[in-house]
Amino acid sequence: MDTTFALEMEGITKTFPGVKALDEVTLRVKPGTVHALMGENGAGKSTLMKCLFGIYQEDKGIIKLNGKEHRFKDSHDALNQGVSMIHQELSNVPERSVAENLYLGREPLNKFGLIDHKKMNVDTSTLLKDLEINVKPQVRIGSLSISMQQTCEIAKAVSYNASVVVMDEPTSSLTDNEVQHLFKIINQLRDQNVAVIYISHKMEEIFAIADEVSVMRDGQMIGTYDVAEMTNEKLISLMVGRDATLRFPEFKSNVGEVLLKVENLSSPNPRSFQDVCFEVHRGEILGIGGLVGAQRTELMEAIFGVRATSTGKIYVDNDEILNMTPRKAIDHGIGMITEDRRGSGIFPLMNISSNTSIASLKEYLNKLHLLKHKEMKEESVRYNKALRTKTPTMETLIQNLSGGNQQKVIISRWLMTLPDILIMDEPTRGIDVGAKYEIYQIMGQLVEQGKAIIMVSSEMPELIGMSHRVMVLCSGKCTGVLDKSECTQENIMRLATKFM
Amino acid sequence: MEMKKLLNDSKKVATQYTTWVTFVGLLLLLSILTNGQALRWSSIRNLLIAESVRSFAALGVGMIIITKGIDLSIGYVVCLTASVAASFAQNPDYSSAIYAGQSFPLIVPIIAAVAAGGLFGLFNGYLIAYGKLPPFIATLGSMSIAKGLQLIYTRAAVVGSLNQNFKNISQGSVGPVPNLIIYVAIVAFIVWVLLKHTRQGTHFYAIGGNAQAARVSGINVERDLMMVYFYAGLLYGTAGTLLASRLGLANSLTANGMELDAIAAVTVGGVSQNGGVGRVSGMMVGVFTMGLINYGMSFLGVDSYYQQLVKGFIIIVAVYFDMKKYARRA
Numbered sequence: 001m002d003t004t005f006a007l008e009m010e011g012i013t014k015t016f017p018g019v020k021a022l023d024e025v026t027l028r029v030k031p032g033t034v035h036a037l038m039g040e041n042g043a044g045k046s047t048l049m050k051c052l053f054g055i056y057q058e059d060k061g062i063i064k065l066n067g068k069e070h071r072f073k074d075s076h077d078a079l080n081q082g083v084s085m086i087h088q089e090l091s092n093v094p095e096r097s098v099a100e101n102l103y104l105g106r107e108p109l110n111k112f113g114l115i116d117h118k119k120m121n122v123d124t125s126t127l128l129k130d131l132e133i134n135v136k137p138q139v140r141i142g143s144l145s146i147s148m149q150q151t152c153e154i155a156k157a158v159s160y161n162a163s164v165v166v167m168d169e170p171t172s173s174l175t176d177n178e179v180q181h182l183f184k185i186i187n188q189l190r191d192q193n194v195a196v197i198y199i200s201h202k203m204e205e206i207f208a209i210a211d212e213v214s215v216m217r218d219g220q221m222i223g224t225y226d227v228a229e230m231t232n233e234k235l236i237s238l239m240v241g242r243d244a245t246l247r248f249p250e251f252k253s254n255v256g257e258v259l260l261k262v263e264n265l266s267s268p269n270p271r272s273f274q275d276v277c278f279e280v281h282r283g284e285i286l287g288i289g290g291l292v293g294a295q296r297t298e299l300m301e302a303i304f305g306v307r308a309t310s311t312g313k314i315y316v317d318n319d320e321i322l323n324m325t326p327r328k329a330i331d332h333g334i335g336m337i338t339e340d341r342r343g344s345g346i347f348p349l350m351n352i353s354s355n356t357s358i359a360s361l362k363e364y365l366n367k368l369h370l371l372k373h374k375e376m377k378e379e380s381v382r383y384n385k386a387l388r389t390k391t392p393t394m395e396t397l398i399q400n401l402s403g404g405n406q407q408k409v410i411i412s413r414w415l416m417t418l419p420d421i422l423i424m425d426e427p428t429r430g431i432d433v434g435a436k437y438e439i440y441q442i443m444g445q446l447v448e449q450g451k452a453i454i455m456v457s458s459e460m461p462e463l464i465g466m467s468h469r470v471m472v473l474c475s476g477k478c479t480g481v482l483d484k485s486e487c488t489q490e491n492i493m494r495l496a497t498k499f500m
Numbered sequence: 001m002e003m004k005k006l007l008n009d010s011k012k013v014a015t016q017y018t019t020w021v022t023f024v025g026l027l028l029l030l031s032i033l034t035n036g037q038a039l040r041w042s043s044i045r046n047l048l049i050a051e052s053v054r055s056f057a058a059l060g061v062g063m064i065i066i067t068k069g070i071d072l073s074i075g076y077v078v079c080l081t082a083s084v085a086a087s088f089a090q091n092p093d094y095s096s097a098i099y100a101g102q103s104f105p106l107i108v109p110i111i112a113a114v115a116a117g118g119l120f121g122l123f124n125g126y127l128i129a130y131g132k133l134p135p136f137i138a139t140l141g142s143m144s145i146a147k148g149l150q151l152i153y154t155r156a157a158v159v160g161s162l163n164q165n166f167k168n169i170s171q172g173s174v175g176p177v178p179n180l181i182i183y184v185a186i187v188a189f190i191v192w193v194l195l196k197h198t199r200q201g202t203h204f205y206a207i208g209g210n211a212q213a214a215r216v217s218g219i220n221v222e223r224d225l226m227m228v229y230f231y232a233g234l235l236y237g238t239a240g241t242l243l244a245s246r247l248g249l250a251n252s253l254t255a256n257g258m259e260l261d262a263i264a265a266v267t268v269g270g271v272s273q274n275g276g277v278g279r280v281s282g283m284m285v286g287v288f289t290m291g292l293i294n295y296g297m298s299f300l301g302v303d304s305y306y307q308q309l310v311k312g313f314i315i316i317v318a319v320y321f322d323m324k325k326y327a328r329r330a
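Protein chains in written order, with the numbering used here: chain U, 1 to 500; chain Y, 1 to 330.
If you're looking for bench data, these hints aren't it; they were derived computationally from the structure.
Being a predicted model, the structure only gives us computed values, none of them experimental.
Where hints are given, some of them may not hold.
Unchecked claim - Below, a list of computed lysine-lysine pairs in the DSBU-like style, where the Cα atoms sit at most 35 Å apart:
| hint | chain 1 | residue 1 | chain 2 | residue 2 |
| --- | --- | --- | --- | --- |
| 1 | U | 68 | U | 119 |
| 2 | U | 362 | Y | 132 |
| 3 | U | 73 | Y | 324 |
| 4 | Y | 196 | U | 372 |
| 5 | Y | 325 | U | 20 |
| 6 | U | 362 | Y | 196 |
| 7 | U | 156 | Y | 325 |
| 8 | U | 184 | U | 118 |
| 9 | U | 367 | Y | 68 |
| 10 | U | 377 | Y | 324 |
| 11 | U | 68 | U | 156 |
| 12 | U | 234 | U | 390 |
| 13 | Y | 167 | U | 377 |
| 14 | U | 261 | U | 484 |
| 15 | U | 20 | U | 73 |
| 16 | U | 498 | U | 261 |
| 17 | U | 390 | Y | 325 |
| 18 | U | 313 | Y | 132 |
| 19 | Y | 196 | U | 385 |
| 20 | Y | 324 | U | 64 |
| 21 | U | 156 | U | 129 |
| 22 | U | 20 | U | 390 |
| 23 | Y | 325 | Y | 68 |
| 24 | Y | 324 | Y | 132 |
As the list claims (entries may be wrong) - Residues on chain U that point at chain Y, a partial pick, calculated with CB under 8 Å:
| hint | residue |
| --- | --- |
| 25 | 306 |
| 26 | 336 |
| 27 | 345 |
| 28 | 359 |
Where is the CB? At the ideal position from N, CA and C, for every residue including glycine.
Turn these sequences into a full structure, and let the hints steer you where they fit.
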């Protein structure tokens, strides 16, 4: 029996002011295996990985690599010892080339002590070829698509020849084809006896690629299991600590009259959305499907007035709205929850209450045009309570909440504007299973109240499980609208790849 | 255990009120070093008067920094507005007066200076909000423009011999309270109301905190950004008027380096260079902390060259802690 582990983390404890983020957590990973790490947001997965990678210093506990104890001062130290990590967010320097990004911080030097660009490019080229990634090393990385940048990030992690590679949600911006490519790379690593720690919320991926799975909950390790003996339901109930048989809630809404009508909407950019027409009805969830690059977000931003349009018309309640701006959209009862929570959603240094009320200040002015702070706060509390936002106080800075709770605050923000139409771009991205279900419930309640929801989603089950109808985009063009009865993975995929 | 909790709590309070703690600490230090000599009312009163003009500039740039901007043009805009104010307040019989032989009602210099400041603010704001110029560059340019205009307007001469009515604006007092302190109190109150109790003030914090999210929340980011520079300009105009009135003259050296003092003061006062954070109370305490340091060093007989040195270090240390405090949590 093989008793040496590639990585052992034993009794890791980490406390932040007021929170015990990790409580005596033990994780053992065998070499040559893919080890999935699962748990709701805030369960402690990322904190554990940051302790491993030297970004956080654990209060207590031992980390062993191949049986030898190590204590990493920082991530540089971890990399040198053979631990590399793909971070959830892109962490490249967009203005530099692919090769320069891959060798950032460890550039090969020539005999004069200057950077040896030739060697760097040749080595990068070899590496990319090995991994079957079709990119030139000299290309500016910022000019590549997001998914290609992510793929380069994966190549970078591999290039350290590490014995442990951590992948934190590596597929969040990849298309299905690219996910398959990533799995090929992971299999290659497994054959080279590398231990891969794979963090993902996507069940399908875990079952497709992982050998073992460790589940965390509330800063504790629940256990490590063989993936072959796991089922979807078992895994979910381990994560949330209760039986979760339903992935999508039941809701009954009456689909009514047209609330929003979009006619022949085109972007000034010929490569973005062109000639898109659709309608959304009261009490309806319209799903928007498509691959990364299908211009779904761009279309939504244009409807909300964040992005310019060249031709086409937008009608709300049969009134045509000219020169749409976010302010006009809000005044006409449209709300928008953006895809990029950190980039265009939260105000990190503002508290929950201010983050909730920011889009509705207009409704809370007294006779002197001064803000009614008290009422504003009461309403914020009411909405967050209704959505069950978990927070110590309303004065807590939003940046200190987990992703799921941040999302609830942002939904509260938009509900407070009393919208009729809510655009939700990837409403459950980076959110754990339990919170996901709650967000679905909220969406169900909203359409039951007669609101309309437009939901952009890259997750097939979500798109199929939640939508009344699904419109599919491919390369900026609408390739079809599917009714609930026709909504199958195959049909959506067929439309999403029509022009590929 | 108890002790540890107490220590933790006091640490929390200390970080939350760093500005106040620093101010009180310095005050105590100074009174110990001078056996209480430095803390007599007459000295404190002088300190308040000396810092009052700077607080207008600090309030202006404080608001700008909350929106994640910066303003380098302060010193020369104040210099220009002081010269404009002075030019309309010269004694008519003064032969070298800019408008020799003419006398204007008291309101003219005030309106002219505030309008000049406001125009500069709009200019800066337009370039930054609609022209999308980085604030650093836009205000660097307008700094030089303001300096040029001042030299052209005054022909590089001293604008002196101001009439007594104009000088009384700053030099007078109500009972024991100098006028300047009253003006500061009023303006600080107005800025506090603006920042804390109006929609636009809340928008300033939102824009500084996350401009993209502000836009999506329906905030007219461009208009609000332009307005923050406009308001700051009005404050610089006010500062210019009061400075000319207090000094009884204006020349090309008036308010030199005020941008440095104002930016340093609000930074010490807890306005974050990362944007989205800052309070009026902090800005004011920051101004008086910097003033206290200057005043204390003069009182203790520290060479003025060293004072410059100390000021530089204080700015760096303040920003260092600011960056640490608000560094994005990994």
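Hint by hint, here is what the structure shows:
This hinted pair checks out: residue 68 of chain U and residue 119 of chain U have alpha carbons roughly 33 Å apart, not beyond 35 Å. Between the alpha carbons of residue 362 of chain U and residue 132 of chain Y the distance comes to roughly 27 Å, so the proposed pair stays at or under 35 Å and holds. Only pairs whose Cα atoms come within 35 Å are accepted, and residue 73 of chain U paired with residue 324 of chain Y is accepted, the gap being roughly 19 Å. With a C-alpha separation of about 11 Å, the suggested pair residue 196 of chain Y and residue 372 of chain U falls inside the 35 Å cut-off, and the hint holds.
With a C-alpha separation of about 21 Å, the suggested pair residue 325 of chain Y and residue 20 of chain U falls inside the 35 Å cut-off, and the hint holds. For a cut-off of 35 Å, the pair hint linking residue 362 of chain U to residue 196 of chain Y stands: about 15 Å separates their Cα positions. The hinted pair formed by residue 156 of chain U and residue 325 of chain Y meets the criterion: a straight-line CA distance of about 32 Å does not exceed 35 Å. Between residue 184 of chain U and residue 118 of chain U the alpha-carbon distance is near 29 Å, which keeps this suggested pair within the 35 Å criterion.
At roughly 31 Å between alpha-carbon atoms, residue 367 of chain U and residue 68 of chain Y fall within 35 Å of each other, so this suggested pair holds. A C-alpha spacing of about 30 Å is found between residue 377 of chain U and residue 324 of chain Y, which places the hinted pair at or below 35 Å, so the restraint holds. For a cut-off of 35 Å, the pair hint linking residue 68 of chain U to residue 156 of chain U stands: about 25 Å separates their Cα positions. A hinted pair counts as satisfied when its Cα atoms are at most 35 Å apart, and residue 234 of chain U with residue 390 of chain U qualifies at roughly 25 Å.
With a C-alpha separation of about 47 Å, the suggested pair residue 167 of chain Y and residue 377 of chain U falls outside the 35 Å cut-off, and the hint is violated. Pair hint residue 261 of chain U plus residue 484 of chain U holds up; C-alpha atoms about 20 Å apart against a cutoff of 35 Å. Among the hinted pairs, residue 20 of chain U with residue 73 of chain U is consistent with the structure: their alpha-carbon atoms are about 22 Å apart, no more than 35 Å. At most 35 Å may separate the alpha-carbon atoms for a hinted pair to count; residue 498 of chain U and residue 261 of chain U meet this at roughly 24 Å.
With a C-alpha separation of about 25 Å, the suggested pair residue 390 of chain U and residue 325 of chain Y falls inside the 35 Å cut-off, and the hint holds. Only pairs whose Cα atoms come within 35 Å are accepted, and residue 313 of chain U paired with residue 132 of chain Y is accepted, the gap being roughly 29 Å. Proximity of residue 196 of chain Y to residue 385 of chain U is assessed by CA-CA distance (about 25 Å); at most 35 Å being required, the pair is judged to hold. For the given pair, residue 324 of chain Y sits about 31 Å from residue 64 of chain U by alpha-carbon distance, which is consistent with the 35 Å threshold.
Distance check on the hinted pair: residue 156 of chain U and residue 129 of chain U sit about 13 Å apart at the alpha-carbon level, within 35 Å; holds. Distance check on the hinted pair: residue 20 of chain U and residue 390 of chain U sit about 16 Å apart at the alpha-carbon level, within 35 Å; holds. At roughly 16 Å between alpha-carbon atoms, residue 325 of chain Y and residue 68 of chain Y fall within 35 Å of each other, so this suggested pair holds. Straight-line distance between C-alpha atoms of residue 324 of chain Y and residue 132 of chain Y comes to about 29 Å, which keeps the hinted pair within the 35 Å bound.
With a cut of 8 Å, the hint placing residue 306 of chain U at the interface with chain Y holds, because the nearest CB-to-CB distance is about 6 Å. Using the Cβ-Cβ criterion of 8 Å, the hint placing residue 336 of chain U at the interface with chain Y is satisfied: the shortest such distance is roughly 6 Å. Taken as an interface hint, residue 345 of chain U checks out: its beta carbon lies about 6 Å from the nearest beta carbon of chain Y, inside 8 Å. Annotation: residue 359 of chain U was flagged as interfacial toward chain Y, and the flag holds, the nearest CB pair being 4 Å apart, inside 8 Å.
In this structure, the one hint that does not hold is number 13.
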